[in-house]
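K.L.:
Make the full structure from the sequences, and use the hints.
Protein chains in written order, with our numbering: chain U, 38 to 481; chain Y, 38 to 481.
Where hints are given, some of them may not hold.
Heads up, the list lumps identical chains together, so a pair's fine if it works in one copy or across two of them.
Straight line, CA to CA, 27 Å or less: simulated BS3-like cross-link-like pairs of lysine-lysine [as the list claims (entries may be wrong)]:
1) Lys-185 / Lys-385
2) Lys-168 / Lys-86
3) Lys-473 / Lys-95
4) Lys-245 / Lys-447
5) Lys-185 / Lys-470
6) Lys-400 / Lys-268
7) Lys-175 / Lys-470
No lab work stands behind these hints: they were computed from the structure.
There are 2 protein chains.
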Amino acid sequence: MLLKVTLLLISRIKLHLYMLNIPDSKYERIVIVGGGFAGFTLAKKLQNKPIQLILIDKNNYHQFQPLFYQVAMAGLEPSSISFPLRKAFQNCDNIVIRVAELQEVKTEEKRILTDQGEIYYDKLVLAMGTKTNFYGNKEIEEKAFSLKTVAESLYLRNSILEDFEKALMEKNYELRQKYIDVVIVGGGATGVELAGALAEMKQYILPKEYKEIDSKEVDIHLVQAGDALLKGMSKEAGETALKYLQKLGVNVILNKRVNSYDGNNVVVNDGTTIPCTKVIWAAGVHCRKVLGLDEDSYVRGNRLAVNDKLQLLKHPSIYALGDQAFLSDEEYEHGHPQVAQVAIQQAKYLAKEWIKKKDKGFKYKDLGSMATIGRNKAVVDLPKMKFKGFFAWILWLFVHIQSLIGFKNKIFVLINWMWNYITYDQSLRLIIKPFKRSTSKPKT
Amino acid sequence: MLLKVTLLLISRIKLHLYMLNIPDSKYERIVIVGGGFAGFTLAKKLQNKPIQLILIDKNNYHQFQPLFYQVAMAGLEPSSISFPLRKAFQNCDNIVIRVAELQEVKTEEKRILTDQGEIYYDKLVLAMGTKTNFYGNKEIEEKAFSLKTVAESLYLRNSILEDFEKALMEKNYELRQKYIDVVIVGGGATGVELAGALAEMKQYILPKEYKEIDSKEVDIHLVQAGDALLKGMSKEAGETALKYLQKLGVNVILNKRVNSYDGNNVVVNDGTTIPCTKVIWAAGVHCRKVLGLDEDSYVRGNRLAVNDKLQLLKHPSIYALGDQAFLSDEEYEHGHPQVAQVAIQQAKYLAKEWIKKKDKGFKYKDLGSMATIGRNKAVVDLPKMKFKGFFAWILWLFVHIQSLIGFKNKIFVLINWMWNYITYDQSLRLIIKPFKRSTSKPKT
Numbered sequence: 038m039l040l041k042v043t044l045l046l047i048s049r050i051k052l053h054l055y056m057l058n059i060p061d062s063k064y065e066r067i068v069i070v071g072g073g074f075a076g077f078t079l080a081k082k083l084q085n086k087p088i089q090l091i092l093i094d095k096n097n098y099h100q101f102q103p104l105f106y107q108v109a110m111a112g113l114e115p116s117s118i119s120f121p122l123r124k125a126f127q128n129c130d131n132i133v134i135r136v137a138e139l140q141e142v143k144t145e146e147k148r149i150l151t152d153q154g155e156i157y158y159d160k161l162v163l164a165m166g167t168k169t170n171f172y173g174n175k176e177i178e179e180k181a182f183s184l185k186t187v188a189e190s191l192y193l194r195n196s197i198l199e200d201f202e203k204a205l206m207e208k209n210y211e212l213r214q215k216y217i218d219v220v221i222v223g224g225g226a227t228g229v230e231l232a233g234a235l236a237e238m239k240q241y242i243l244p245k246e247y248k249e250i251d252s253k254e255v256d257i258h259l260v261q262a263g264d265a266l267l268k269g270m271s272k273e274a275g276e277t278a279l280k281y282l283q284k285l286g287v288n289v290i291l292n293k294r295v296n297s298y299d300g301n302n303v304v305v306n307d308g309t310t311i312p313c314t315k316v317i318w319a320a321g322v323h324c325r326k327v328l329g330l331d332e333d334s335y336v337r338g339n340r341l342a343v344n345d346k347l348q349l350l351k352h353p354s355i356y357a358l359g360d361q362a363f364l365s366d367e368e369y370e371h372g373h374p375q376v377a378q379v380a381i382q383q384a385k386y387l388a389k390e391w392i393k394k395k396d397k398g399f400k401y402k403d404l405g406s407m408a409t410i411g412r413n414k415a416v417v418d419l420p421k422m423k424f425k426g427f428f429a430w431i432l433w434l435f436v437h438i439q440s441l442i443g444f445k446n447k448i449f450v451l452i453n454w455m456w457n458y459i460t461y462d463q464s465l466r467l468i469i470k471p472f473k474r475s476t477s478k479p480k481t
Numbered sequence: 038m039l040l041k042v043t044l045l046l047i048s049r050i051k052l053h054l055y056m057l058n059i060p061d062s063k064y065e066r067i068v069i070v071g072g073g074f075a076g077f078t079l080a081k082k083l084q085n086k087p088i089q090l091i092l093i094d095k096n097n098y099h100q101f102q103p104l105f106y107q108v109a110m111a112g113l114e115p116s117s118i119s120f121p122l123r124k125a126f127q128n129c130d131n132i133v134i135r136v137a138e139l140q141e142v143k144t145e146e147k148r149i150l151t152d153q154g155e156i157y158y159d160k161l162v163l164a165m166g167t168k169t170n171f172y173g174n175k176e177i178e179e180k181a182f183s184l185k186t187v188a189e190s191l192y193l194r195n196s197i198l199e200d201f202e203k204a205l206m207e208k209n210y211e212l213r214q215k216y217i218d219v220v221i222v223g224g225g226a227t228g229v230e231l232a233g234a235l236a237e238m239k240q241y242i243l244p245k246e247y248k249e250i251d252s253k254e255v256d257i258h259l260v261q262a263g264d265a266l267l268k269g270m271s272k273e274a275g276e277t278a279l280k281y282l283q284k285l286g287v288n289v290i291l292n293k294r295v296n297s298y299d300g301n302n303v304v305v306n307d308g309t310t311i312p313c314t315k316v317i318w319a320a321g322v323h324c325r326k327v328l329g330l331d332e333d334s335y336v337r338g339n340r341l342a343v344n345d346k347l348q349l350l351k352h353p354s355i356y357a358l359g360d361q362a363f364l365s366d367e368e369y370e371h372g373h374p375q376v377a378q379v380a381i382q383q384a385k386y387l388a389k390e391w392i393k394k395k396d397k398g399f400k401y402k403d404l405g406s407m408a409t410i411g412r413n414k415a416v417v418d419l420p421k422m423k424f425k426g427f428f429a430w431i432l433w434l435f436v437h438i439q440s441l442i443g444f445k446n447k448i449f450v451l452i453n454w455m456w457n458y459i460t461y462d463q464s465l466r467l468i469i470k471p472f473k474r475s476t477s478k479p480k481t
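P.N.:
Below is the structure:
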């Protein structure tokens, strides 16, 4: 009992050291920026180790990005694919969480500035992921939808549903078509999965719930710059995805780029114009630049070049993980793919390296990749085999449920998926508009 | 097959009649305003009857108000207690849904104006429920929180969690207290249930997730104007609720009113000032007035006086249901309580009366009332007995799950409650801030 109280007191004092921001001489302090796959996994591996750990993220939760498109399509709730960081680390005395945004790194002083104040570090881990890349096109950035946060996914969901409601009230034929047609830009996993889900909504939901709209008039366009879909996967996977989507009625436009979108008309580079109120931009990502790092730290897509210990080349006490890291080795000359598996493996590697000090370099083990296009339809590339169809789809479901954080989330997603499968229905079509009012700031 | 196609064609034509807003000579057209307990139940009872039915609501979903407080306390997701109207009426060919807001009633022309256009009616049913009554205090209206929509409930949830995060970063003691203290105004079911849930969050969650905040310093005040809690229930229920809340550490202040709140300080009518950033106003409701109805249609709280057929006294083709209706009979001289049971019974009565034409007046059958204060703690008043404690709590859970719309919602709420009960934890503490950007309007 006395021991417990003493331990509690010590942990409280330690915590106050964090608050006052005085480095603790006894324990090394690691600051992780980003609670995504990389940052979250690393923190989990370091919990209750003799390390001071500060995890900062803009949000108070971990987000499971691969399923954002299902949130957008009203198939899953944000809470089923998000997990509160504080809850995840309830039982750790060595981890402090701060909802904060990184503003600058002071490499000389080993200090970062955030919107919530400054934090000293012994080691700094940058695991901030990527953001949508609009390739400098401000107009598209302003008018198009993207899917890089749960908030954006919910916003897209609301917009799709609101536009259906508007279409019902619209007597002008042209304008009605604008409300119901959708253009997706980018034929990677997000674009393909979204197109498939939209096509199924058109097929199964619209005829039942929007009887006054002729669902055959809903056009879904998928514009891909390259000559195949799913560029990160095998040729076969891309071809199968194309076949699946065409069967579902998606108009796949290959070898074309979207030049402009003003909120009303998409202009493709062959001069075609597609009128629509919703363009979903899934055509690329890049990393945020970090103030305080030299320009020559970055390679293509603003990724940070690291050595095989995942350290920045010029700053060995700063690490980059996941999408933000660029490690070129024999097998991956152009860096690893920006996927969850790389982030998770790098995080696990780093924790092991820090704890066991084996002095080995990171080596990525490709476990395969997969994408789903709709009911019973998926493509899977494993290192030694490729397959598609129902079993690929089952494997996709299994892998995604297994990767979710939190047992309850797994159950809820599983029930939702079973439910949707049996009823041919995603049942979360709620337009919950955020409550708005003037916010008040307290004064002292 | 041919029959099916013909029927489908006829239903399509009928639907187009709705769209073009030409009254159909063959079927009577009923317009229901509001998809709450009253409007939703009435529409359900009239589905697939030889009646043209138009259901309008501001939202595209039915909301289960009794559990808003659990959404606010991160115990349930909005989607678990909301149900999309279009989904609920997927299989009805006689019901058209419009997401629209009533603006005016033209009683002479039997026509309503909405923000989405005008609609003719043969019978009009007003079932618009209530909104928060701030008794004319604009400042409180602007600064306080209330719980009359799921959007407001989510907003409160986000604010509570954000304020805990702010408190962590706040070095000034006074200001920190402001962020963590909460004042609830109103000792009815909402106020009591919210206070109980907050007290449990303080007890079970804060010590685990906000270790740097001393949870004993979190003060929850419940200010009630009357001399007892739960005025709508028995004296015993109010006393038990008081005892339960005090045991949970809630500071219940009876016989006091809140005079003002400027976003920083609550001033009670005895002069006491409580500094806090969150005041939750649950001190009363009133109805919206409907443009086009005479002033003398309204009684206390803007309720519409109706006869025992639920018709407005001066307009027999307009009906009022639920919270919005005021029916005075021998037993309920001052009108029925504004609760779900009355709304549901009135809706059922009206549907029966319209279909079977029995020419009987509405009679309310009180089935009892209940409120929960926390784990294993509830009070139940049945017509013939009163009880409290664990069995009351079980009954409360059962009745609420049973009343939810949608089988999946029942399952999800049940799992959530079982989960929370076993783990002492509500696990939905996600601050999902709405995505914002400049919206674009399409042009023709």
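K.L.:
Each hint needs a verdict: does it hold in this structure or not?
P.N.:
So, going through the hints one by one against the coordinates:
Taking the shortest alpha-carbon separations for Lys-185 and Lys-385, only the intra-copy value of 24 Å comes in at or below 27 Å, while the best inter-copy value is 46 Å. Taking the shortest alpha-carbon separations for Lys-168 and Lys-86, neither the intra-copy value of 32 Å nor the inter-copy value of 52 Å comes in at or below 27 Å. When the C-alpha separation of Lys-473 and Lys-95 is checked against a cutoff of 27 Å, the pair qualifies both within a copy, at 21 Å, and between copies, at 16 Å. In this assembly of identical chains, the alpha carbons of Lys-245 and Lys-447 lie at most 27 Å apart only when taken from different copies (23 Å versus 29 Å within one copy).
In this homomeric assembly, Lys-185 and Lys-470 come within 27 Å of each other (Cα to Cα) both inside a single copy, at 19 Å, and across copies, at 14 Å. Taking the shortest alpha-carbon separations for Lys-400 and Lys-268, only the intra-copy value of 23 Å comes in at or below 27 Å, while the best inter-copy value is 68 Å. In this homomeric assembly, Lys-175 and Lys-470 come within 27 Å of each other (Cα to Cα) both inside a single copy, at 26 Å, and across copies, at 23 Å.
In summary, the one numbered hint that this structure violates is 2.
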